[in-house]
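With chain A's structure known, arrange chain B on it following the hints.
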Amino acid sequence: DQQVKQNSPSLSVQEGRISILNCDYTNSMFDYFLWYKKYPAEGPTFLISISSIKDKNEDGRFTVFLNKSAKHLSLHIVPSQPGDSAVYFCAASTGNQFYFGTGTSLTVIP
Amino acid sequence: GAGVSQSPRYKVAKRGQDVALRCDPISGHVSLFWYQQALGQGPEFLTYFQNEAQLDKSGLPSDRFFAERPEGSVSTLKIQRTQQEDSAVYLCASTGLVSRQETQYFGPGTRLLVL
Numbered sequence: 001d002q003q004v005k006q007n008s009p010s011l012s013v014q015e016g017r018i019s020i021l022n023c024d025y026t027n028s029m030f031d032y033f034l035w036y037k038k039y040p041a042e043g044p045t046f047l048i049s050i051s052s053i054k055d056k057n058e059d060g061r062f063t064v065f066l067n068k069s070a071k072h073l074s075l076h077i078v079p080s081q082p083g084d085s086a087v088y089f090c091a092a093s094t095g096n097q098f099y100f101g102t103g104t105s106l107t108v109i110p
Numbered sequence: 001g002a003g004v005s006q007s008p009r010y011k012v013a014k015r016g017q018d019v020a021l022r023c024d025p026i027s028g029h030v031s032l033f034w035y036q037q038a039l040g041q042g043p044e045f046l047t048y049f050q051n052e053a054q055l056d057k058s059g060l061p062s063d064r065f066f067a068e069r070p071e072g073s074v075s076t077l078k079i080q081r082t083q084q085e086d087s088a089v090y091l092c093a094s095t096g097l098v099s100r101q102e103t104q105y106f107g108p109g110t111r112l113l114v115l
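Protein chains in written order, with the numbering used here: chain A, 1 to 110; chain B, 1 to 115.
Hint data in this document are derived by calculation from the structure and do not stem from the laboratory.
Be careful, since some hints might not be right.
To be verified - Going by beta-carbon spacing under 8 Å, a handful of chain B positions derived as facing chain A:
id	residue
1	SER7
2	GLY16
3	GLY40
4	GLY42
5	THR103
6	PHE106
7	PRO108
8	GLY109
Stated by the list, open to error - So these bits of chain B aren't anywhere near chain A, every CB distance computed over 10 Å:
id	residue
9	SER62
10	SER73
11	GLN84
Every value quoted in this text rests on a predicted model; they were computed, and no experiment measured them.
Note that beta-carbon positions come from the ideal geometry of N, C-alpha and C, so glycine has one too.
This is chain A alone, in the form it adopts within the complex (with noise of 0.2 Å):
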């Protein structure tokens, strides 16, 4: 059973324009968020989090979107550089766990 599901498997952008990645969940419980980014070979890197308290983080480039009435999550990369081109995770958590999504692979086109 998928608590967090990541719809698109691949997502492709020009360079300069807004990537959004887009994450649904079915536990109302879970109360802190994430997104993670993976390069091939590599663990993934936390990128940003949102806790439930709250509907919108920014850093950067980045921005995280939560809407706990919909159970969706989002993640905004504007503008989207060719070294964005990776894979992400959008993650929850309630207590010690984190469930993960399956992952969108992110192509940034020069």
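For chain B alone, kept in the frame of chain A given last:
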């Protein structure tokens, strides 16, 4: 280096063989997590340590899986009598404090292939 390291990076095992995967967390990090990532999937939680105490092992898929962290630093994930479905990347992550809102730093993973 200052990051989380894992060894071996790659392991090929024959079905039925026992394997041991090692994780060296960032020095001083209190919390340590193990995850299993199957091909095309996201990481799935296996177990969690706070110092040497294994506080949650609910994600371990069977009693063939065993993890330990006897001195609160290095951790070992052992898989007995490996099966083909155990083939996956095993990721280790550590955090500096107990709070789960601390950033988890991941190692590069051990890719296990069971033939």
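So, going through the hints one by one against the coordinates:
Here the hint on SER7 of chain B is broken, as its CB sits about 13 Å from the closest CB of chain A, past 8 Å. Look at GLY16 of chain B: its Cβ only gets to about 28 Å from chain A, farther than 8 Å, so that hint breaks. Satisfaction of the interface hint for GLY40 of chain B is found here, the shortest Cβ-Cβ separation to chain A being roughly 7 Å, below the 8 Å cut-off. Satisfaction of the interface hint for GLY42 of chain B is found here, the shortest Cβ-Cβ separation to chain A being roughly 3 Å, below the 8 Å cut-off.
A hinted interface residue such as THR103 of chain B counts as satisfied when its beta carbon comes closer than 8 Å to some beta carbon of chain A; here the least separation is about 5 Å, so the hint holds. Using the Cβ-Cβ criterion of 8 Å, the hint placing PHE106 of chain B at the interface with chain A is satisfied: the shortest such distance is roughly 3 Å. Annotation: interface hint on PRO108 of chain B holds; nearest CB of chain A at approximately 5 Å, less than 8 Å. Interface hint status for GLY109 of chain B: upheld, as the beta-carbon distance to the closest one in chain A is roughly 6 Å, under 8 Å.
With a minimum CB-CB distance of about 18 Å to chain A, SER62 of chain B clears the 10 Å threshold, and the non-interface call stands. With a cut of 10 Å on Cβ distances, SER73 of chain B stays outside the contact zone with chain A, its closest approach being about 18 Å. At roughly 21 Å from the closest C-beta of chain A, the C-beta of GLN84 of chain B stays outside 10 Å, upholding its exclusion from the interface.
In this structure, the hints that do not hold are numbers 1 and 2, in rising order.
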